[in-house]
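Asks: Here is what each chain is made of, one letter per residue.
Protein chains: 2
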Amino acid sequence: MASQSQILGVLGGGQLGRMLIQSAINYNQDIHILDPDPNAPCKDLCQKFTVGSLKDFDTVYAFGQDCDVITVEIESVNTEALMKLESEGKQVYPQPHILKLIQDKREQKQFYQQHAIPTAEFILTENKEEVIHNKSFLPAVNKLGKEGYDGRGVQVLRSEADLDNAFDAPGLLEKLIDFDKEIAVTVARNAAGELTVYPAVECAFHPTANLVEFLFAPADISEEVEEKAKEIAKDVILKLGMVGILAVEMFVTKEGEILVNEIAPRPHNSGHHTIEANFTSQFEQHLRSVMNWPLGSPDLRCPAAMINLLGEEGFTGPAIVEGQETALAEKGVYIHLYGKKLTKPFRKMGHVTVLDEDVTKLKAKAMKIKDLIKIKSN
Amino acid sequence: MASQSQILGVLGGGQLGRMLIQSAINYNQDIHILDPDPNAPCKDLCQKFTVGSLKDFDTVYAFGQDCDVITVEIESVNTEALMKLESEGKQVYPQPHILKLIQDKREQKQFYQQHAIPTAEFILTENKEEVIHNKSFLPAVNKLGKEGYDGRGVQVLRSEADLDNAFDAPGLLEKLIDFDKEIAVTVARNAAGELTVYPAVECAFHPTANLVEFLFAPADISEEVEEKAKEIAKDVILKLGMVGILAVEMFVTKEGEILVNEIAPRPHNSGHHTIEANFTSQFEQHLRSVMNWPLGSPDLRCPAAMINLLGEEGFTGPAIVEGQETALAEKGVYIHLYGKKLTKPFRKMGHVTVLDEDVTKLKAKAMKIKDLIKIKSN
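Chains A and B, in that order, are what the protein sequence lines are.
Numbered by numbering that gives the first Met the number 0, the letters in the first sequence go through residues 0 to 377 in order.
Numbered by numbering that gives the first Met the number 0, the letters in the second sequence go through residues 0 to 377 in order.
Some hints here could point you the wrong way.
The list cannot tell twin chains apart, which means a pair is met if one copy fits it or any two copies do.
Heads up, simulated DSS-like pairs for lysine-lysine below, C-alpha to C-alpha not over 25 Å straight-line [what the hints assert, rightly or not]: (1) Lys-47 <-> Lys-340; (2) Lys-360 <-> Lys-180; (3) Lys-233 <-> Lys-330; (4) Lys-42 <-> Lys-340; (5) Lys-330 <-> Lys-229; (6) Lys-89 <-> Lys-373; (7) Lys-233 <-> Lys-180; (8) Lys-238 <-> Lys-145.
Note that these hints are calculated values from the structure, not bench results.
Just chain A, same shape as in the assembly (with noise of 0.2 Å):
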């Protein structure tokens, strides 16, 4: 097992910084952050924290000299430092060639392509003319191949109206996919290549940010269709050969087949509930991971829903937590909140965790704290 003096050196300092280090406080695993913002999520809880570039080659590169292990709570960070970092013995995880793969979403696609991973069919699209060119292919969706992130960079062209919209920019048509559930599976694999999958998660997005808005565990699915979407998160994770946490957003059309949508190597929002619904929580089981460490179980313990603290359309500023009280009295009500002073629309500000063995009750118990928390300012 990795000695406890080992550093993890994390890039990033957001919510999915500050949830792992909820985790790895219980294991005296120490973790340096390394992020652009002074006011980060992580700022005063870690034992070092530098304000930096994530994309600057010197900055990073000199992060990781102090740290044993090093990861990322988010993608787009520079895979050339790591690289070298990793050329000089730093063990880097995910590695670094699997986040420049993952970092372009055509090559991330090409990817699937030549492993044979279900997708949904593509074209590589260099810049506007070229998807206008393409117009037969709509309705689709059309994503910029770098830069996307919290759904920005990924749009709907549903008929030649919405071309003059098209990304001017190396990107990609999607066929638009007439789905009957989003669904995500969590996977695990240390470097031992112990690997674990999590029961399928359902997704619900917001109509208009992209974003997650509700999550449900488990997954309203039949036990073929759950099967078959572990065995695909599976395959994708031993096809890249990563060390890490990875989850596998998928479609589940109509047909019952399924496509895998995106990935993401890192804790990710679809496993949030997984802090008080699972035996092992998503940021553990990152942990675990990159360490090197036994994995735990991913089992379920309870249902669970997962709404997003969303800031309110409309208000920018100071954050104010509305119905935080009302929620508070509800048993089986996890508020977790990011430590973000200033809200925007559609910042993720927090997320609430609701537990219960009543499935149906689960849904009315999610759908009322929803409407009751609010995230705003004055």
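Fit chain B to the known structure of chain A by using the hints.
Replies: Only chain B this time, still in chain A's reference frame:
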């Protein structure tokens, strides 16, 4: 609801403060810590960490100036400074006069007597001579009035042969109870008067160190005894008029009588399992109660055992955790290390919570973990 910009000051930065911080993170609750040890477990995990004596008036008073609400994770603090802060409008919970009462086991016992709270018969003793004078009261437990903690300042005097060890300072002699079980009930109360009671837990003490070695939840007692114990615990917090969380340790005699042994006005070793086993952990409940937020459900989610990880006898120095890797591979096993670099015999270095729906399997798993994880030093 108390504004999230309020600062909570905590006297003591040990493991209880550390686990409190893990909960406080979820609410963006800023925490300031005062502790004499510059390497205290909370050191890197709070918004402000001050090194200083908890017993010095000026230090405690100055520390409290920055805070809106002040609480403790250890009883032996300067209550005069807290009273002055309270008189100046700070919210101090538990209230300083209650801390002062609890600091002295003699006053504690008299409080029980005056308020008809069942407790073992006792005699106050001023010195060793008075203990010897009362030898007819043996077998008895001889307790120091002040400064007892984690098993120190408590000893059994079985017969005249033991009298030479009697404490030569103000203390008491308490009839040795031939108990069937030791149980503990945690209660919490906020300033609004809301009161909540946790299910009883059963404690098994280390034969020589007078420290909890195992804990099982739920306690294997009749419903009648459980209800009686809960009523007594409620009675204690109400008669104290206390705000905060209170652990009430009790003996269940062979006749089914319940006697209050000791109380702790803070998160307590007998509630560590609540992190994973109950809907609301004792740390979150403490936070909710002192901040005057609505209290959470104390219900048990799953039967649990808790094992203290004490420094092994014969080892003093930089701590090494043996057996952690094997333990990590077990389902429903939760390791909590306290961030203490140095071990010594019986030092509380961490704890492990074990969950299992099957109580027989639970006990077996707890024994296995106990034998597996050892805190040693080279």
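Asks: Indicate, hint by hint, whether the structure satisfies it.
Replies: We went through each hint and held it up to the structure:
In this assembly of identical chains, the alpha carbons of Lys-47 and Lys-340 lie at most 25 Å apart whether taken from the same copy (21 Å) or from different copies (18 Å). Taking identical chains as interchangeable, the C-alpha atoms of Lys-360 and Lys-180 lie at most 25 Å apart only when both belong to the same chain, with a minimum of 21 Å there against 39 Å between chains. With identical chains, the CA atoms of Lys-233 and Lys-330 are at most 25 Å apart between copies only, with a shortest distance of 21 Å across copies and 35 Å within one. Both within a single protomer and between protomers do Lys-42 and Lys-340 lie at most 25 Å apart by alpha-carbon distance, with minima of 12 Å and 23 Å respectively.
Proximity of Lys-330 to Lys-229 under the C-alpha cut-off of 25 Å is restricted to the inter-copy arrangement: shortest distance 20 Å between copies versus 31 Å within a copy. In this assembly of identical chains, the alpha carbons of Lys-89 and Lys-373 never lie at most 25 Å apart, being 43 Å within a copy and 30 Å across copies at closest. Only within a single protomer do Lys-233 and Lys-180 lie at most 25 Å apart by alpha-carbon distance; the minimum there is 20 Å, versus 49 Å between protomers. In this assembly of identical chains, the alpha carbons of Lys-238 and Lys-145 lie at most 25 Å apart only when taken from the same copy (22 Å versus 64 Å across copies).
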